[in-house]
Amino acid sequence: MTLLEIDNLHLGLRTADGIVHALHGVTLHVDEGEMLAVVGESGCGKTVTMQTVLGLFSAREIAYRQGRIGFAGRDLLELPEDEMRRLRGSQIAMVFQDPMTALNPTLTIGHQIGEAILAHRRVSRAAAMRQAVALLSQVGVPQPEMRAAQYPFQLSGGLRQRAVIASALACGPRLLIADEPTTALDVTIQAQILALLRSLQRQYGMAIILVTHDLGVVAEMADRVAVMYAGRIVEEGPIDAIFSRPSHPYTWGLLECLPRLTTLRSQKLRTIEGAPPDLAGPLPGCAFADRCAHAMSVCWEYLPPMFDAGTKHQSACWLLHPHAAPIAEATRLRQSASAPDEKGLPRGRA
Amino acid sequence: MTAYLARRFLLSLLTLWVIITLTFVLMHAIPGDPFMSEARISPQAMENLRRYYGLDRPLLVQYGRYLANLARGDLGRSLRSEVRDINQIIADGLPISALLGAEALIVAVLGGITLGVLAALGHNRVPDHLSMGTAIVGISVPGFILATLLIDVFAVRLGILPVATWGTWKHTVMPAFSLALAPLAYLARLTRSSMLEELGQDYVKAAVARGLSRPRVIVGHALRNALLPVITVLGPLTAGILTGSFIIEYIFGIPGIGKIFVLSISDRDYPLILSGAVVYSVLLLATNFLVDVAYSLVDPRIRVLGRAR
Chain A
1 MTLLEIDNLH LGLRTADGIV HALHGVTLHV DEGEMLAVVG ESGCGKTVTM
51 QTVLGLFSAR EIAYRQGRIG FAGRDLLELP EDEMRRLRGS QIAMVFQDPM
101 TALNPTLTIG HQIGEAILAH RRVSRAAAMR QAVALLSQVG VPQPEMRAAQ
151 YPFQLSGGLR QRAVIASALA CGPRLLIADE PTTALDVTIQ AQILALLRSL
201 QRQYGMAIIL VTHDLGVVAE MADRVAVMYA GRIVEEGPID AIFSRPSHPY
251 TWGLLECLPR LTTLRSQKLR TIEGAPPDLA GPLPGCAFAD RCAHAMSVCW
301 EYLPPMFDAG TKHQSACWLL HPHAAPIAEA TRLRQSASAP DEKGLPRGRA
Chain B
1 MTAYLARRFL LSLLTLWVII TLTFVLMHAI PGDPFMSEAR ISPQAMENLR
51 RYYGLDRPLL VQYGRYLANL ARGDLGRSLR SEVRDINQII ADGLPISALL
101 GAEALIVAVL GGITLGVLAA LGHNRVPDHL SMGTAIVGIS VPGFILATLL
151 IDVFAVRLGI LPVATWGTWK HTVMPAFSLA LAPLAYLARL TRSSMLEELG
201 QDYVKAAVAR GLSRPRVIVG HALRNALLPV ITVLGPLTAG ILTGSFIIEY
251 IFGIPGIGKI FVLSISDRDY PLILSGAVVY SVLLLATNFL VDVAYSLVDP
301 RIRVLGRAR
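These protein sequence lines are chains A and B, in that order.
Using our numbering, the first residue of the first sequence is number 1, and each one after it goes up by one.
Using our numbering, the first residue of the second sequence is number 1, and each one after it goes up by one.
Simulated from the structure, these hints should not be mistaken for laboratory data.
Label pairs and their computed distance ranges (CB to CB):
id: 1; chain 1: B; residue 1: 197; chain 2: A; residue 2: 240; range: 42 to 48 Å
id: 2; chain 1: A; residue 1: 81; chain 2: B; residue 2: 142; range: 43 to 49 Å
id: 3; chain 1: A; residue 1: 15; chain 2: B; residue 2: 13; range: 50 to 56 Å
id: 4; chain 1: B; residue 1: 114; chain 2: A; residue 2: 156; range: 37 to 43 Å
id: 5; chain 1: A; residue 1: 15; chain 2: B; residue 2: 152; range: 46 to 52 Å
id: 6; chain 1: A; residue 1: 122; chain 2: B; residue 2: 159; range: 54 to 60 Å
id: 7; chain 1: B; residue 1: 114; chain 2: A; residue 2: 240; range: 57 to 63 Å
id: 8; chain 1: B; residue 1: 289; chain 2: A; residue 2: 156; range: 32 to 38 Å
id: 9; chain 1: A; residue 1: 81; chain 2: B; residue 2: 114; range: 20 to 26 Å
id: 10; chain 1: A; residue 1: 127; chain 2: B; residue 2: 144; range: 56 to 62 Å
id: 11; chain 1: B; residue 1: 159; chain 2: A; residue 2: 105; range: 51 to 57 Å
id: 12; chain 1: B; residue 1: 9; chain 2: A; residue 2: 63; range: 55 to 61 Å
id: 13; chain 1: B; residue 1: 197; chain 2: A; residue 2: 202; range: 36 to 42 Å
Being a predicted model, the structure only gives us computed values, none of them experimental.
Cβ coordinates follow ideal geometry from the N, Cα and C atoms, glycine included.
One chain only, chain A, in its complex shape (with noise of 0.2 Å):
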C-alpha cells in the first residue's frame, strides 16, 4: 500500500539571491511499513522535498509550488493550514540533522517531546511528560527521569539525537523522515542511532525516508533507494538493484567514490569532477550532462524521461534509450559491484 506519493513535485523558493528552482519535478513513492533511502550530494534538493512534504516553508517563501504529494489519499499540497498541522508530529514526524540545534536550548528534553504530545492529544501536563519519560526509556535513553529534566547542553550528541527522535514517535507518526539523522554524530553513535531506527520501525509499523549521503548507511538499512540530483530523482530501485546493476551514471560515480577495505593509502578517494549545476538558471536537458562521462548530444537537449531498468527499477538517462549504444563502463560496474575480488578490480572481461 503507497502511504506517500510525490507526484512531479516543482518548487522554487525566494531567497536573498533571488528565486532558487529548487525542485524540478520529483516524483516519488513510499509504501506503507517500509523504509526508503534518499541519497544524493548536499543542495540537490533532498532535504527541502522533506521539508515541502511536512509543509515548513512559508507561504512567503514558496515563489512557485507544483504537483502533488499524496499521502493517505489526501493531497498534502491542498490542505488549508490548520489541518497540514495537526498532520504534523502525529501522522508525519521528522528527525532533523543537527541534534544540537533542532533542540531549544532553553527548554528540557521532557517538555519538548511532551509539547509534542499536547499539541495533538488532548492530556494533562503531568500524563505528557510521564509519557516523554516512557518514550525517552523506549529509544534507550538511561535514567529518562533524569533526563527529562535536564536541558539539551547537558546531554552527549547521541542522548540528544535520541530525545529528537523520542519527540518524533511522540504520537505514533505513520511517516518518519528522517534527514541525515547521523551526518552530525560519531561514526560508533551513528551505527547506535541507526540501529534504533531499525528496531523502532519494525516495533511501530512506520515507514521511514531515511535522507543521507551515505550509501554506506543505505546499504544496511533501506528496502529502496532514490538517487537525487539537482532537484530530481535520477534512478530509484530497489536496494540490490542499486547496487549491483547500477544504471544512471551518477550513481556509477556515487558507488564509485565509496572507499573500500582494499582502497591502498596511497590511493586518492575517487570523486566526480565538476559541481552541481545552478538552480537559479534553466535546465533544458539532463542536469548531470556537465559532468557525465558519457553524455551525448541529446543529454544537453533533452530532459530524459524515467527509463525501466529492471524490476522496479528506474532511471531516468538516455542511455537506456532503446537505440542508445551499450557501454562497457556500465558492464565493468555491474560486475565490479556484484563480485569483486580482493584487488577491488573487475572480474573478466571489461
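Position chain B against the provided structure of chain A, taking the given hints into account.
Frame of chain A; chain B shown alone:
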C-alpha cells in the same frame, strides 16, 4: 549561589568606592569653589565659611571624613540648597525620579518588545517598516525636543495634559513618554534582530514539525530565547533612562533628584555632587545585579553551570 551573591556584593562595594574616589578627585580638579559666586564677601567671611564647612583642611582629610560619614549612612550637608540635610533632599526627590523612571522603563520595555516582535513577524513588510520607522525616529529625536513638542501639542493646543510640574498621574504622562522613546526604539530594534535570528533556528522548524501551532512556536520557543539579549541590555538601559531624567525633569519642572544633582555641579556643592554619584552608582549596581540574577533564572545554561561550579 550564596557565595556568588556575597562575592558580587563585595565587588559592588569596591566599585562604589572607586567611583566615589574618582568623583572626589575630579570635582576638586574643577577650578573654583562653592562660594565664588557670592558677590560681595569679605576675605574674613570667606575664610570663616571655608573653615565652617571644613574646606580649609587638606583634601585627604576631607576625603577621609566624607567616607567615614558615608559609612554611617550620613551623606552630609548641602552647601547651597535650602534644605541642608542631603539625606532629606534625596528622601524628597528620589521617589519622584524613581516613579518617573519606572514608568518610562515599563513603557520602553513593553512598547519596544511589542514593536520588535511585530517587525520580526512581518519581516520586510508593512509592520516591519512601520515599526522600524518609528524606531529610527525614536533614536534620532532627542528626548528634550520630543518633550517640548509634546507640551506644545497636548498641553498648549489640546489642553488635555498639564504643561509641567508634578502632582497627579497626568503630570507623569509626557515626561515618562519623552524619557521612554529612545530606549523603546533601541529595544524594538534589538528585539527585532534577535527575534529574526531565533525564528531562523532549526529548533523553531523542529517545533513546527511537531505540530505546534504558530502562536505556541512564536511565544513558547522563539520569543523566549529572543528576550535573552534584551534582558542583558536592561541594566545599561536603566542607566540611560536615569541619566536622561536630568534633562526631562528640568524641562517639566519636576522636583526629582536629577535636576538637583545637575545644579550641584555648577554650584560646586561638593557633598551634593558626591551624593549624586553615590545614589546613581548604587542604583546602577543594583539594576545590573538584578539583571544578572534574572538572566540566570531565564537561561538554564547559566543557571545550571553556575550551580555546578
